[in-house]
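Spelled out from the first residue to the last, the chains are:
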Amino acid sequence: MASQQQLAGHDFHEVLKASPFHARVEEQSLVKNWMSWNGYQTARVYDTLASEYFAIRSSCSVMDLTPMEKYRISGPDALTFLNRLVVRDISALKPHRVTYVAWCNDEGKVLDDGTIFHLEPGTYRLCSQHHQLDWLLISSLGMNVLIEEETHEVAALAVQGPTACSVLTAAGFDTLSQLKPFGITHTLLNGFEVMISRTGYTGDLGYELWVAPANALALWDAVFGVKQRGLYDVRCIGLGALEMVRIEAGFIMPGDDFNTAETTVRAGHDRSPFEIGLGWLVDFDKPHFTGKQALLKEHGQPIKRRLLKLAVEGNKAPADSFLYDGKRGRRIGTIKSHTWSPILKATLAMADIEYRNGVVPAQIWAEIYYQKELEWRATWARCTISKAPFWAHPRRSATPPQRC
Amino acid sequence: MKKYDAIVIGAGHNGLTNAAFLAKAGLDVLVLEKNEYIGGATVSRELYEGWKYSNCSYVCSLFRPEIYQALDLGRHGLEVVPLQGSTTFKQNGDYFGSYHQPTVRRREIARHSKRDADASVRFDADLMKWCRLIRGFLLRTPPDPSSLKMRDVMEFAHLLKQFYSLSESQIYEFIRFFTMSIAEYLEEYFESDVILAHFSGGSIIGTGLGVYSPGTAYVLLHHAMGDIDGNVGSWGFARGGMGSVANAIASSFKALGGEVRTAAEVQQIIVKGRTAMGVVLTSGEEISARVVVSNLDAKRTFLGVMDRNDLPEALLHRAEHFKIRGSSGKLNIALDGMPVFPALPPGSPLTLGHMHFTDTLERLERAYDDWKDDRWSADPYVDTLIPTQYDPTMAPPGKHMMSVFVQYCPVEVEGGWTAAKRDAFGAAVIDQIAQHSPNFKQLILHAEVRTPREIEAETGLTQGNIFQGELTLDQLMFNRPFPGYAQYRGPVKNMYMCSSSTHPGGGVMGAPGANAAREILRDLGRTDTTPRDFGDD
Amino acid sequence: MTSSPDGPVVIVGGGHNGLVCATYLAMAGRKVQILEARQSVGGGASTTGFASGYQVSGLAHILHSLNPKVCKDLKLESAGLKRGEAINTIALDRRGRHLTLGINEVVGAGLAERDIRAYSTFKREFRGYAKALEPLMMNKPPRLKNMDRKDKFTLARLGWGLRFGLGTDSMREFLRVGGINIYDVLNEVFENPLLKGAIAVDAVLGQHMGPRTPGTVLTYLHRLWGETQGSQSLPPGGMGQVAGALAEAATQAGVTIRTGAKVQRILLTGGRASGVLLESGEQIDAAVVISNADAKTTFLTLVGTPELDAMFAHRIHTTRTRGNVAKLHLALRALPIVAGLSAQQLGHRLLIAPDLRYVEHAFNHAKYGEYSEQPVLEITVPSIADPSLAPPGHHVMSVSISFAPYDLKGGWDQQHSIFADRVIALIDQYAPGLASQVVAHELLTPVDIEAQYHIAGGHWHHGELTIDQSFMMRPIHGVAQYDTPIAGLYLCGAAAHPGGGITGVPGHNAARRILAMGDA
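These protein sequences, in sequence, are chains A, B and C. Just so you know, numbering that gives the first Met the number 0 puts 357 at position 358 of the first sequence, and the rest follows in order with no gaps. Just so you know, numbering that gives the first Met the number 0 puts 421 at position 422 of the second sequence, and the rest follows in order with no gaps. Just so you know, numbering that gives the first Met the number 0 puts 377 at position 378 of the third sequence, and the rest follows in order with no gaps.
Only chain A is shown next, with the shape it has when bound in the complex:
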């Protein structure tokens, strides 16, 4: 007979899985606005978008990161495996350091992006937006490497915002002031182990805390204890506010800003790292990696398209807008994601734009449809390409952080 564990492992009533923080998340959610993130019940908004946004940008925000896909990679060939997987050279990644990576299929089209944590010598954690086990196992052929999915075995909390360091220090983590961006430290809190990395998806000062699921609630309570003691404000944020800040910070979202290669049905609808602005990750001098030849070939040819950061004139939301090389000009692309930036008072967007003869269009105009009291109107807005992230505050990387 099938093992009881196997049979008990599945309940069709539970459509969305509860994370180890769920009891507190549920309690904090005032509007009960849920969505699915990798099959986990995740808050889109807890209270209001505005308050959550400003928690990230001006005080301290907390978000349940558990649903992020996590894979533990170990074994003698772990480094060989990872370096062959991703387009970036990670051979110099030291233990207790994190790096941002992307990986491609054989055709040099991006499957996903993510981060690699060098947990301890020879042991790594790969975090990704989408499920990757199948691709990781395909990539492990002929290598002595152990790949374990540990999404549900590791609870994670993002603590982000200008007072994040102060809040965590007040919560009892005393080793943070010297932790540099992309660094990892381990500490004990009330007798359980917490791994802290100075990483995030907000473009601001911030940390990600990793614990065993059994200690998840204790970790949460320690962080929110700071608020209860009246020291600093700490707020939960949902995916809605995160979407605003990640666009400000210029981070891309697989599946939204570009179609991931594995799910692409129509030829030509997938994207290479160069095309989505990740060309800086690609290292042709490192040992072989999947997609290298295809990327080398692309590299030698005129640019066809790019995912660009656009500041869109005015305050109308350019949702799904077509882009033109002049008012009523030739159609050259579409908006992929956009936000109103409360801190910059600007409309920001990520847009997929076709180049002509390898050259970026001289002008970019968005045709925006918007409605006022159920009446639809159309307008044109000039767009300006932003090379740098829209929001890049020095406090993101200052070590030690200010007011820590």
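Where hints are given, some of them may not hold.
What the hints assert, rightly or not - Just a sample of chain B residues kept apart from chain A, beta carbon distances all over 12 Å, derived:
(1) Arg44
(2) Ala69
(3) Gly96
(4) Ala109
(5) Ala156
(6) Gly239
(7) Leu314
(8) Asp378
(9) Arg421
(10) Ile443
Stated by the list, open to error - Quick list of in silico lysine-lysine cross-link-like pairs, DSSO-like style, CA-CA up to 27 Å:
(11) C:Lys30 to A:Lys296
(12) A:Lys303 to B:Lys160
(13) A:Lys315 to A:Lys226
No lab work stands behind these hints, which were simulated from the structure alone. Just so you know, even glycine gets a beta-carbon here, dropped at the ideal spot from N, CA and C.
Assemble chains B and C onto chain A, guided by the hints.
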């Protein structure tokens, strides 16, 4: 004597579809049906008092939405309700459920293999690539590759253009998909035995092939490319049973001025001077028409209702050797209540979908080995549905109707079929289900057991082949039914074919009927009333 | 290209295709060295002494498709090649009503006149199809998109040959039957069960296929294509003699041959093949490396997955290369006696495949990791034509046995001798007394073939000849034109188009490709 514009022989769904499009173009059309009732293999029949059986075809998926829309079938009473998932029961008491809800389905696949849950993303995307390509061919007339006529060359160029919308590696992957076995194709994605078996089953339904036979991966598409409201690959029940499909098309046809005569079996197509002139019925009655369309399969058309002397020798040879081996059986069962399946969690929605009981590729393949040797499968693959959970029109309240499709069952067994052998075949199927449902046998009020022989006797499908001709490469596209005759035109003037023996083949799809109508209207110089593919860029 | 045109070429594996490829390159002025792991060259074309005084062809035992162009180009006759007398195929019947199948005619007791006529028509028609595929066989398989001029030319010739060479009717018929199984075709054409069984063997030999497996018409055409090139024979001295002639031709052309030199790794520099590392630790630099090994060995073992794209490696890994044929060698104290066959007839190719169902049943077992209870046998007694293979008065028998799967459930160790005895007993039913004449025997299962001949899976063709593993998809798409993702690394063996058999064609095509690319 009245002369019709067109006579269609056989009131199956393709005959009716064909007739409806001809009538829509203003033609005076008569459909002749040998049975007392219409529908052919898309019928609902009361063979046990108070129960309606979809006693041949039993699910609706491939039926083209373009035809549905063009013939206004919704207003003519057709309602197709999507099924909810499918299940394969394992011999160890566990099960695999392909739930309707995507998150739950993913987690259920992961319960059997985490890797397979991820691989299914890759698999679904790949399958969709091939679906998109093939679907565009369904409502088109296949070009003749040996012809140098402008129309054929242009059509070939069109197909090549579609083909070349794929990237180079996709082209090779497509060829591989088209020529590989379903088992080996799936093994490039999945590792779990039950998942491999679950997704393979659809590829052998109705075929004379096993899961390891090259060419079966494509058949999967034949079952997966149907869609209901844009959900590609989903299946549906026709409310009131499959007879509702034929009834709705007939109703649309009649509203367009068409005429249907039942209990009117055609004896022969009258041919004079290499031109079809009409038909003569078994009653001796002669009916003339400008055009005669056969919805009978290719064997019955050329070896049954046509005079050999009117036909070219080469065509007769091909008709005689047309591959149309039946391989499927069917049980229709009236149940006193709802059977329980203890493997499923209480309240599981999975009983609302397909239920299968073969959990490994080896068991599927061994079921095929039995058929090759003219035996019914001792351990058969069955596709079970209980539509009465949704549909109150098919059984009294609280009672149920179970449709059981069985693969494999041969046309001929050693020593010939007898009533006792047929019952033994039925018992093997019932035992298969009863192994997973302890109260199943006690609930059986009536069971109709049909081997390919009974299917042939009722519907006229030669050898009981549900596709009116096997779906192998020698009988697909420009080879269907025969090379040189794939454009719906018969060997004599004014004679046409519209059955599933023609492109794109079997399944309750309506496409052969519509495609044939397009060619007839073209020859008659009439406006084309048939729909174009909705398209999917 | 960074290679120098004069740079040395190393060929991994001295199988017959490696020898052919090497010779062509050497004749074009390249400096070529062959590295062979075994003590003798030839690979599957070898002669083995399996018992003291008894010799037999080690793997392939019938020469049926050695390419005439290769023979001519390489002047193999003057290098000593002896093909031996042309032989027929004799389908054995337990009651002595054997059938003799020639190129165009079949004779035998009990054959209907209709079958005799049908046989000639059928063979001519199908050989016509096989010939129509010729442009595809003797060239690199064309790409279907992004094709170069040569690819377009090949496709144009193929299309022309099908449309105008065959004519409308034959082209239609070819397009109809090309993708289906031999079973349906044979049942449509013939009546005699033994005749159908014998023809079916040619369609399934070496493959994981039964007569009812779709695709067996194509494998049959593959076999028939060989027949368009010449007759089948038993080379005197065994297949090793053919390898010897190839080696002689190679040596005369200036090729260096090293045996006992097993390559452990193919070395890369900056992503380009730059040499090989031998098991002995010796390193040999090369401008071009050509692998005559199968694709799995070449890429997954010798190159290693870290140097390859992940899906590429996965695709190589999932190619179907499990062998299906075992080889049995018997040393006999006397010439066996088969009722109804003369001693001279015993020297032909003998088949035990009484009907289609027998062949299909033999295959059924292989699907489930079992060996055939009643296997299909292809038997030769080469010592009749060449008495030097056995002591005076004695004989050797070489039998290929279908089906004996590589992945036998429970493994071969326990089953090895049981299976050999079963096969001997089966032959004994046709040649009574044979079992008692056996002085010594050797059975090579696919596992043994893998170990002794370094062929992954022990597969005769280095991989199934299904459509999805043929032509522009052999061994997988993207490497079907003999060049590989690794610059300077090429394939020249049976894993490449057009596949297995002692043809020399992959070696020929590879050499042409390498020279055309300006490499080497």
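Hint-by-hint comparison with the structure:
The claim that Arg44 (chain B) lies off the interface holds: its Cβ sits roughly 35 Å from the closest Cβ of chain A, which is beyond the 12 Å cut-off. For Ala69 (chain B), the requirement that its beta carbon stay farther than 12 Å from each beta carbon of chain A is met, with the minimum near 27 Å. Residue-level check failed: Gly96 (chain B) sits 7 Å from the nearest beta carbon of chain A, not beyond 12 Å. Interface exclusion of Ala109 (chain B) from chain A breaks down, the closest Cβ pair being 9 Å apart, not more than 12 Å.
A cut-off of 12 Å between C-beta atoms confirms that Ala156 (chain B) is not in contact with chain A; the least separation is 19 Å. No Cβ of chain A comes within 12 Å of the Cβ of Gly239 (chain B); the nearest lies about 29 Å off, and the non-interface call holds. Non-interface status of Leu314 (chain B) relative to chain A is upheld: no Cβ of that chain comes within 12 Å, the nearest being about 41 Å off. A cut-off of 12 Å between C-beta atoms confirms that Asp378 (chain B) is not in contact with chain A; the least separation is 20 Å.
Listed as outside the interface, Arg421 (chain B) is consistent with that label: its C-beta sits roughly 35 Å from the nearest C-beta of chain A, beyond the 12 Å cut-off. Even its closest Cβ contact with chain A, about 27 Å, leaves Ile443 (chain B) beyond 12 Å, as expected for a residue assigned away from the interface. About 31 Å separates the Cα atoms of Lys30 (chain C) and Lys296 (chain A), which puts this hinted pair outside 27 Å; it is violated. A hinted pair counts as satisfied when its Cα atoms are at most 27 Å apart, and Lys303 (chain A) with Lys160 (chain B) qualifies at roughly 23 Å.
For the given pair, Lys315 (chain A) sits about 36 Å from Lys226 (chain A) by alpha-carbon distance, which is inconsistent with the 27 Å threshold.
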